[in-house]
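There are 2 protein chains.
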Amino acid sequence: MSTRLGNLKRLFAPRSVAVVGASPAEEKAGHQALRALATFRGDVYPVNPSAGEILGYRCYPSLRAIGRPVDLVLFAIPAAACVAAVEEAIACGCGGGVVFSGGFAETGDAGAEAQARLQELCERSGFRLLGPNTAGFYNKRIDLAACFAPGLDHIQRGSVAVVAQSGGVNLITSFLIDRLGYGAAFGVGLGNAVDIDAADVLEYLADDADTRAIALHLEGVRAGRKLYEALLRVTPRKPVAVFPVGRHDVGEFARSHTGNLIGSYALKAAALRQAGAVVVESTEELAAAAVALSLGRIAPRAQPGIGVLVGQAGAGLIVLDRLKAAGVSVPPLAPETVARIEQLLPPMTFVRNPVDTGRPGPTFPDVLAALAADEQIDAVAMFAINEPAAVRPEEVLPAARRTIAKPIVFGTMGPEARVRPTVEALRAHGILAMESPERLAHAAIALARDAAAQWRLARAPASTTARTAPQHASLPAKPDEHAAKTLLEAYGIATPRRAACSSVEEAREAFRALAKPVVVKILSAEIAHKTEAGGVVLNVADEAALEAALARLDRIPLAGARRYLIEEMAPAGLELIVGAVRDASFGPTVMVGIGGTAAEAIKDTAMRLAPVSAAEAQEMLGELRAAALLDGWRGAPPADREALAETIARLGQLLCEHPRIKEIEINPLRVYARGVLALDALIV
Amino acid sequence: MSTRLGNLKRLFAPRSVAVVGASPAEEKAGHQALRALATFRGDVYPVNPSAGEILGYRCYPSLRAIGRPVDLVLFAIPAAACVAAVEEAIACGCGGGVVFSGGFAETGDAGAEAQARLQELCERSGFRLLGPNTAGFYNKRIDLAACFAPGLDHIQRGSVAVVAQSGGVNLITSFLIDRLGYGAAFGVGLGNAVDIDAADVLEYLADDADTRAIALHLEGVRAGRKLYEALLRVTPRKPVAVFPVGRHDVGEFARSHTGNLIGSYALKAAALRQAGAVVVESTEELAAAAVALSLGRIAPRAQPGIGVLVGQAGAGLIVLDRLKAAGVSVPPLAPETVARIEQLLPPMTFVRNPVDTGRPGPTFPDVLAALAADEQIDAVAMFAINEPAAVRPEEVLPAARRTIAKPIVFGTMGPEARVRPTVEALRAHGILAMESPERLAHAAIALARDAAAQWRLARAPASTTARTAPQHASLPAKPDEHAAKTLLEAYGIATPRRAACSSVEEAREAFRALAKPVVVKILSAEIAHKTEAGGVVLNVADEAALEAALARLDRIPLAGARRYLIEEMAPAGLELIVGAVRDASFGPTVMVGIGGTAAEAIKDTAMRLAPVSAAEAQEMLGELRAAALLDGWRGAPPADREALAETIARLGQLLCEHPRIKEIEINPLRVYARGVLALDALIV
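Here the protein sequences line up with chains D and G, keeping their order.
Each residue of the first sequence is one higher than the last, beginning at 1 in my numbering.
Each residue of the second sequence is one higher than the last, beginning at 1 in my numbering.
Keep in mind that the hints were calculated from the coordinates and are not lab data.
Among the clues, some could well be false.
What the hints assert, rightly or not - Straight-line alpha carbon distances no greater than 25 Å define the calculated SDA-like cross-link-like pairs of lysine to any residue that follow:
| hint | chain 1 | residue 1 | chain 2 | residue 2 |
| --- | --- | --- | --- | --- |
| 1 | D | K603 | D | E568 |
| 2 | D | K324 | G | K478 |
| 3 | D | K516 | D | R674 |
| 4 | G | K603 | G | L679 |
| 5 | G | K530 | D | P637 |
| 6 | D | K478 | D | A490 |
| 7 | G | K406 | G | P479 |
| 8 | G | K324 | D | A325 |
| 9 | G | K478 | G | P571 |
| 10 | G | K603 | D | A326 |
| 11 | G | K603 | D | E619 |
| 12 | D | K603 | G | P637 |
| 13 | D | K478 | D | A458 |
| 14 | G | K603 | D | G430 |
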């Protein structure tokens, strides 16, 4: 085991803890942090040069005075004192520490310098640091609350681990999980994440026996590719629900919080999904999804089917609406299933899916069994208002669990006092019980999305792995349109027939050889926007028009060499934009969007990290709001989705194989009933 | 008071209740309904021809045998027996009844017939009926639970009334409101709503002294215009939050539920907002919004500003992200406010808005007061994790309430046992306390949207009231494009200069008089799609082209008269679609959308009920996803939003004034830097 990994384990599962800045004053974080250690089953050392005893613990004047290297040091001291204190901890051979204080990179240059120094110390020594600017963490296995906020001792021990960028959100999510009745195993707030980041903790938790599911909260992501790759390894082993904050314009405040840029929400969410995580949109959904996933996953399947069984149609409609909104399949039942259920219910009920029993009766367990037995159904979401005279879920469901291997999630509502025994009995049996139709739907959505994501990950063919060495044509220093298109062709992306000409004479020759009409363009790395510069003449059909076009291009002032691109005009067709961009955090990415001003104004695009398989690229097409245009809009033939997806995949591969390219864009890519044609291409 | 209104009051606030179908068998609805009357402070009469006594009540063999007209009859009997039972109740002079049973219009023809008969009986007699197919209602003022589901006695008496289309959703929402700690005044499930519908109950509750806010749940809306007009009257008096279900494809199941078509979600939501209601998307949001609104509204304001004050930046970021997503203003604070807060907080905190105090200290109350005093701030949303050593909201907030007149909503999280005393103390002071950052944000959003909606309602000029008599040109029986455009002109909507010609000679004459080039179109009510039929020739610039165009149109086979439309070509510009449609439920509506295939495929449109003012129409433009196109996209001049809004308003007025028109569409409407031009128009 490396020193860094060993020290990470010492930090998160210590046998001894010191509190530097332990204080007798109750309102201080250094007092509260010491108080929170009351339940910890290891050694506790307050460090305070001027106090004799605090909360019954003997105080030490310094870390060194303890006389042994403690595993974990909590630094409850101002930012300015932290660098020296961490140096002392390293000198004493401590494993790791938590810096609670803010005042680092999030506040300006001086803070950023101190933060850089902390990072350097960790890198050099192998000492591990959580924070700065965090409320800390807890580990229920050893009853440790390394945190200045109170109440973590109230959280029951459970199977969910929380990894939050913000210390406060770690607490919020952990308490929410506890309130759902299932408890938590571990929870951490990363703060400024100078050393330990989300990827480190995810890899740590993948091996943690107590953790069955992970709830992840993210704001800005500094090392996106590292996080993505960690998730790719972790999600097949343990389900991960993730709440990325910052869909809207919150950048300035976010930066003031942890010093990180918030980045593109769309890219972040796409990358997280691609890595097999289930993306949610609130702390409450995060808690619910993680709990649902901790109780049992659906086996990987392209489109998992949810069977909805309700005692009240109104609730059923809400659940169905939510599932449809999430794109989760509520498949029609097999005729045998319908026939079986029809025997069990009065004639006026709806028995397709949802199955609405009306006010539940004694046949309810049999209806549940029949629904769950249907091949199309991978999990059952059941809702019934608390009505013990009609149905007793605390008896029906544990009995059903003995014969039904598929996940069953249950939702209910009623007076708290009356519902509690039902809900607690179900929880004791490891059955998910949620108190509202929306929470039930949300749990079912999390299960379905997790299974679909794992199915996608499992089938992703090896060919999509990034090759590091260029396989194809190498690249000129300043690629112009012709060079860019030549590179595209090397990757099998079709471009119009054309010739790059250095003289008028060459241009005339090219014109004679190509099919008419052609488009005549100026070719120079000096000109970024050819059309705006008057450097594009369309529909050149005869020699007179060619001469006029060339003369026009010659009037454009240029410092360097002047060349012409003579290119066959492409037939009309639907236009898309396909691009590949190297993101500072997430590395190579690909995007596709519908062309035209309206789609551009709406920002109707889909993104992925590159490389992507053609199958994944097909999914991107499905995510476009204007996807219907590809299906043969208003009598046009359907677009060649396969060629389009292949183009996206190849452009991603190209970017992965050319580290010098920052960005490549095909705009427009014209799409036909068979094949595509890259009409213009730009490399940055 | 009319008999119908009097009987509605007898039904909802009865002094005597009979249960027809009262049963000694515990699992029966007729037993549970009787049991639920235990708390009712009036007379209770079980009706059962074969039982002597049930639950200690003496039974009556029939309603007639009771010997006096009871105010409210609960029909806990099968659908088939209901018509006769209602007839008996009417004959006995009862006020109203609740039919629990399903099996009516939602199940097919026989049920629909029985339902029609019930409706007819109510209309003729003035007897009022709730349901059929509902769980009933409750009225806390008289401790009445007219419902077969148990537990309504657990709901505390509060100030929110629930009106739900579904009986089950009434129960769910009511229990959720109770769990928020504020209780409910009244709750009703409408079921199939054969007689009493949502509009009736809303008007009833507007006069109910116990109700301070209304939570409304809707599925399909049969009489949309009636509901809209009721809301227009009610929302200025009492705030209404509404959860319309059915954003996605749930139509078949919805119809099986209450027999109503689900209708367009977009139209329903637009109409509800227009009427001043606050639209939400879940039962949990419905409960939270109604409670928040019941504790105090923000005074009407175009864009109410929320001040966000947090002890943990992570939670603050979540709240801010939610508010931004909802389009709610979190305005920058005045320089004086910032200066004042900077004096109170350590230098590293963020003090613009959100105000992030870091771990709260003793200055917290002063920070709150300074924030609330800012002119841009209409309400404060404050979040602090339970941390009594740092801040005690149960002391700070009630004290602040004495000096701050603006609404303060509070959010927190911590172990349930530790948070409860804080939360209960705040609730006792009438201060909203929500347990999660998202719920806090949601409450603030509800307050802001309510104030903005009431501001819009208050300023809507009288001129937008529908005129019933046509003010302008009357309409030919089968309007063609020329007639449609002439009608548009009568409403001040510009169209291209043109002439309708009955002969080739007239066409030649028109051509000479108009500016070239022109477009030549066939004019016949027989042809709906001119372009597809080859009936449109563009860019006709000289006489030869005119002759060719006319010859081409003459080759289109027509049964009736053949006419030509010769029209000046319009300059290029951004194209929109503006339409007005008479909806079966909501009456006259208007819509606007961006033209072009991509926008059409995305369904980028905004809707309102007509008539709309030009100011409302401006808001519609702001709702378009591609609204940026109107602002001068890629160097184009900004579009004339005023002329566009005026066109929408006038088209709405036109539809209101012409009851025979089902639909009128301008497609495209070309929009310029100054003015608009209707290039094509279709009337149905």
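Next on the checklist: I'd like to know which numbered hints this structure contradicts. Please list them from smallest to largest.
Outcome noted: 1, 2, 7, 9, 13, 14
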